[in-house]
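Given chain A, work out where chain B should sit, using these hints.
First to last, the protein sequences are chains A and B.
For the first sequence, my numbering begins at 1004 and goes up steadily by one.
For the second sequence, my numbering begins at 5 and goes up steadily by one.
Quick caveat, the hints were computed from the structure, so don't treat them as lab data.
Please read all numbers here as calculations on a predicted model, not as lab measurements.
Cβ atoms here follow ideal geometry from the backbone N, Cα and C, with glycine treated the same way.
You may find that some hints are simply not true.
[To be verified] In silico lysine-lysine, DSBU-like type, Cα no more than 35 Å apart, as pairs:
| no. | chain 1 | residue 1 | chain 2 | residue 2 |
| --- | --- | --- | --- | --- |
| 1 | A | Lys1060 | B | Lys72 |
| 2 | B | Lys53 | B | Lys72 |
| 3 | A | Lys1060 | B | Lys65 |
| 4 | A | Lys1060 | B | Lys53 |
[To be verified] Now the stretches of chain A that chain B is said to cover, found in silico as 3 or more residues with beta-carbon under 8 Å:
| no. | stretch |
| --- | --- |
| 5 | 1011 to 1023 |
| 6 | 1066 to 1075 |
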Amino acid sequence: KAGVTQTPRYLIKTRGQQVTLSCSPISGHRSVSWYQQTPGQGLQFLFEYFSETQRNKGNFPGRFSGRQFSNSRSEMNVSTLELGDSALYLCASSPDWSNEQFFGPGTRLTVL
Amino acid sequence: AQSVTQPDIHITVSEGASLELRCNYSYGATPYLFWYVQSPGQGLQLLLKYFSGDTLVQGIKGFEAEFKRSQSSFNLRKPSVHWSDAAEYFCAVGAPNDYKLSFGAGTTVTVRA
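So here's chain A without its partners, still in its complex pose (with noise of 0.2 Å):
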């Protein structure tokens, strides 16, 4: 089976843009979860999405946005970019959250 896959893996942006993340699940995980990684904050929980609804959202601002296809796939905005959301976004998959969840190699934002 293929694994989580996230792209593109590499970005660079700069302050204002908008930028977009793509996760492709396993094949057959209807739960898509994103988290942060940054040095200063660690890991930290963005939103949940399973069959297309979110169910959980991170402490982020409305700048953070994301939403889920009927195949899983899922995608995440964040839009009028700053300096501080420069990190490794990581998206799991799983058959359902509390399953072990599957994470992707990430993307690395960079934004100057």
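Below, chain B alone, put in the same frame as chain A:
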């Protein structure tokens, strides 16, 4: 809300020696507990998980963890460390119907020859 504390930021251990990583959680009921490992530039890989039942959990790569409710702990152990175990280790806690994991700050393990 649940939270996790990993008291040790960095641990250095000799190859072949035993390893124990500490994890303390805060949650009112029995949580879901996980240990993940992350190698540089990689995503997270699950080592083991605890939902209920036997409090000693066996995982991959020779790791085990013990759930101690009285101490709110879920410490990770390995009897004999290999150089390939050098990585960052994260303890995480989840709650039923909360749909998220809360991670500790992580412990970096260095293995010396």
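For each hint, the structure was consulted:
1. Lys1060(A) x Lys72(B): 30 Å, holds
2. Lys53(B) x Lys72(B): 14 Å, holds
3. Lys1060(A) x Lys65(B): This hinted pair holds, its Cα atoms lying about 33 Å apart.
4. Lys1060(A) x Lys53(B): With Cα atoms ~23 Å apart, Lys1060(A) and Lys53(B) stay inside 35 Å; holds.
5. 1011 to 1023: violated (count 0)
6. 1066 to 1075: violated (count 0)
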